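Novice: Below are the chains, spelled out letter by letter.
Number of protein chains: 2
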Amino acid sequence: MNAAPKDLSKLCIHTITTKPWAIEEAAKNYAAAGVKGITVWRDALEGRNIRQTGNLLREHDLTVVSLCRGGFFPSKDPNKRKAALDDNRKAIEEAAALGTSLIVLVCGADPTQPLEESRKQIQDGIAAVLPEASAAGVRLAIEPLHPMYADTRSAINTLAQANDMAEALNSPYVGVAVDVYHLWWDPSLQQEIRRCGEHGNLMAFHICDWKSPTTDLLLDRGLMGEGCIPVRQIRSWVEATGFTGFNEVEIFSTIYWQEDQSVFLKKIIKAYRENS
Amino acid sequence: MNAAPKDLSKLCIHTITTKPWAIEEAAKNYAAAGVKGITVWRDALEGRNIRQTGNLLREHDLTVVSLCRGGFFPSKDPNKRKAALDDNRKAIEEAAALGTSLIVLVCGADPTQPLEESRKQIQDGIAAVLPEASAAGVRLAIEPLHPMYADTRSAINTLAQANDMAEALNSPYVGVAVDVYHLWWDPSLQQEIRRCGEHGNLMAFHICDWKSPTTDLLLDRGLMGEGCIPVRQIRSWVEATGFTGFNEVEIFSTIYWQEDQSVFLKKIIKAYRENS
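Chains as they are written, first to last, in this note's numbering: chain U, 976 to 1251; chain F, 976 to 1251.
Calculated from the structure, these hints are not laboratory results.
Computed from a predicted model, the values in this text were never measured in an experiment.
Heads up, some of the hints might be wrong.
A pair counts as met if it fits within one copy or between any two copies, since identical chains are not told apart.
[To be verified] Mimicking DSSO-like on lysine-lysine, the simulated pairs with C-alpha atoms at most 30 Å apart in a straight line are: (1) Lys-981 - Lys-1186; (2) Lys-985 - Lys-1057; (3) Lys-1011 - Lys-1055; (4) Lys-1245 - Lys-981; (5) Lys-1003 - Lys-1241; (6) Lys-1186 - Lys-1051; (7) Lys-1095 - Lys-1186; (8) Lys-1065 - Lys-1241; (9) Lys-1057 - Lys-1186; (10) Lys-981 - Lys-1065; (11) Lys-1051 - Lys-1242; (12) Lys-1241 - Lys-1186; (13) Lys-981 - Lys-1055; (14) Lys-1245 - Lys-1095; (15) Lys-994 - Lys-1095; (16) Lys-1055 - Lys-1186; (17) Lys-994 - Lys-1186; (18) Lys-1241 - Lys-994; (19) Lys-1051 - Lys-1245; (20) Lys-1245 - Lys-994; (21) Lys-1065 - Lys-1242.
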């Protein structure tokens, strides 16, 4: 088992985690606190020049770890599937402009069709935008989502499924994002993390905690240590593969969003140091 | 794929589904509607003579399909684990008195210890009460629960895990309960249902639906056809194993509990005929 992180050199925070802050404010405050990485949600870029925003982040000595999110490929409606491909191509352009080489995919699902069909459309969708991704030097990370999101957010609900798909697509521009919130319950997690690493597919590592009780299916994530996920143990499995990337704090929480975000940022750093 | 059920001869309803009704009222109304099976939740037996209640159910021509629920074996505290064994022994006595040969196990989990430890305590707990179960002629069905319940309700979250454990315990008095709500998202579901049947472990089949969106982690289940679960397809996999038991409607819903339960019962029967 790993020790807790001694410093913040591998700490990344997702803009959505401190949603009340504009990205400029987040960048300034993350940097002042010693955070070294930022993952940018696309809503944070609205109305901005993306290239300039990327430069601003780098001026704060922040690594732009990834852009969140592409995906949402499946639909019974072929027009919507085509629109999804266009949107993913746009995300690839945005990632390149922002200066990050990774997009996280929340793959999507259409509850009006079988999961198998949604899964096929996801794989076809990724394959369709792969030429643009590789031309732009942008990698696509399939993020398996918790089974409670299988209706609309993702038909890829285990790391085994994500590994299967990444291996089937067999490209250096397709890999997997491991998020402890989605995967902690899986009895095959350690083995699938190892497999993911062995195939060179482990591209991102997201952390937070599962509160007990959890009161909302989407917006009640906890800080590391606040719940029952063995974050440090899972990080040790991830690092055993040779992964040297960031530990990305991704928390959706109506409770924390109501707090003073400077206070919340201090809590994030404390939880990272003590319980990750 | 199966056709929808033509009659109600295999329809069972869980007392919790029509929670506002006392069990005597439920029995009378189920029977009048042509329902042939009832699964009894233990809270419905409070303050009653259990043997007489069993007789009452049979007088209404209802098969007592199972007693819900035993389980909740894991705890970091050895005294609580001992208390859980006592409670499961009590449940076995209650099942025998009620005149049913099946108890459904919601196995439990303790969020303050690793899932692996909870799983070991579950297996040890079932093994510990097996002598009483077999002496009473009562079978114990491990119900794998949705991964969103892995913190406190069950550390057994896939049918593969339940199959593994039932096969390890290797007793005619231990098997598995398949509930579409918990398992519908699993890409290996068809294969694991087949395996469950091949080992003679498929002891119960529960139905309802996953609403999209679902607004509560526990109390927002839907009627069959109201959500995205392919209930009929899953039933066809269950029946392909040779399963001839009841289709048990188990719905926790604050919305439906607020309705006139006679109206709700009509909806259950309509949903059963049309979407199961």
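Novice: Now, for every hint given, state plainly whether the structure supports it.
Specialist: Evaluation of the provided hints:
For the identical chains of this complex, Lys-981 and Lys-1186 are intra-copy neighbours only, at 25 Å inside a copy versus 44 Å across copies, given an alpha-carbon limit of 30 Å. In the homo-oligomer, the alpha carbons of Lys-985 and Lys-1057 never lie at most 30 Å apart, since the shortest distance is 37 Å inside one protomer and 44 Å across protomers. Taking the closest pair of Cα atoms, Lys-1011 and Lys-1055 never come within 30 Å of each other, the shortest separation being 37 Å inside a single copy and 45 Å across copies. Proximity of Lys-1245 and Lys-981 under a CA criterion of 30 Å is satisfied intra-copy only: 11 Å inside one chain copy versus 61 Å between copies.
Taking CA atoms no more than 30 Å apart as the test, Lys-1003 paired with Lys-1241 passes inside one copy only; the shortest distance there is 14 Å, against 60 Å between copies. For the homomeric pair Lys-1186 and Lys-1051, the shortest alpha-carbon distance between copies (18 Å) is at most 30 Å, but the shortest distance inside one copy (35 Å) is not. In the homo-oligomer, the alpha carbons of Lys-1095 and Lys-1186 lie at most 30 Å apart only across protomers (23 Å), although the nearest pairing inside one protomer, at 33 Å, exceeds that limit. Proximity of Lys-1065 to Lys-1241 under the C-alpha cut-off of 30 Å is found in neither arrangement, the shortest distances being 35 Å within a copy and 50 Å between copies.
In this homomeric assembly, Lys-1057 and Lys-1186 come within 30 Å of each other (Cα to Cα) only across copies, at 27 Å, whereas the closest approach inside a single copy is 38 Å. Taking the shortest alpha-carbon separations for Lys-981 and Lys-1065, neither the intra-copy value of 38 Å nor the inter-copy value of 51 Å comes in at or below 30 Å. Only between protomers do Lys-1051 and Lys-1242 lie at most 30 Å apart by alpha-carbon distance; the minimum there is 28 Å, versus 43 Å within a single protomer. When the C-alpha separation of Lys-1241 and Lys-1186 is checked against a cutoff of 30 Å, the pair qualifies only within one copy, where the shortest distance is 19 Å, while the shortest distance between copies is 38 Å.
For the homomeric pair Lys-981 and Lys-1055, neither the shortest alpha-carbon distance inside one copy (47 Å) nor that between copies (38 Å) is at most 30 Å. For a Cα distance limit of 30 Å, the shortest separation of Lys-1245 from Lys-1095 qualifies neither inside one copy, at 42 Å, nor across copies, at 33 Å. In the homo-oligomer, the alpha carbons of Lys-994 and Lys-1095 never lie at most 30 Å apart, since the shortest distance is 33 Å inside one protomer and 41 Å across protomers. Within a single copy, Lys-1055 and Lys-1186 get their C-alpha atoms only as close as 35 Å, which misses the 30 Å cut-off; across copies the closest is 22 Å, which meets it.
For the homomeric pair Lys-994 and Lys-1186, the shortest alpha-carbon distances inside one copy (20 Å) and between copies (28 Å) are both at most 30 Å. In this assembly of identical chains, the alpha carbons of Lys-1241 and Lys-994 lie at most 30 Å apart only when taken from the same copy (15 Å versus 46 Å across copies). Proximity of Lys-1051 to Lys-1245 under the C-alpha cut-off of 30 Å is restricted to the inter-copy arrangement: shortest distance 27 Å between copies versus 45 Å within a copy. Within a single copy, Lys-1245 and Lys-994 get their C-alpha atoms as close as 19 Å, which meets the 30 Å cut-off; across copies the closest is 45 Å, which misses it.
Taking CA atoms no more than 30 Å apart as the test, Lys-1065 paired with Lys-1242 passes in neither setting, with 35 Å inside one copy and 46 Å between copies.
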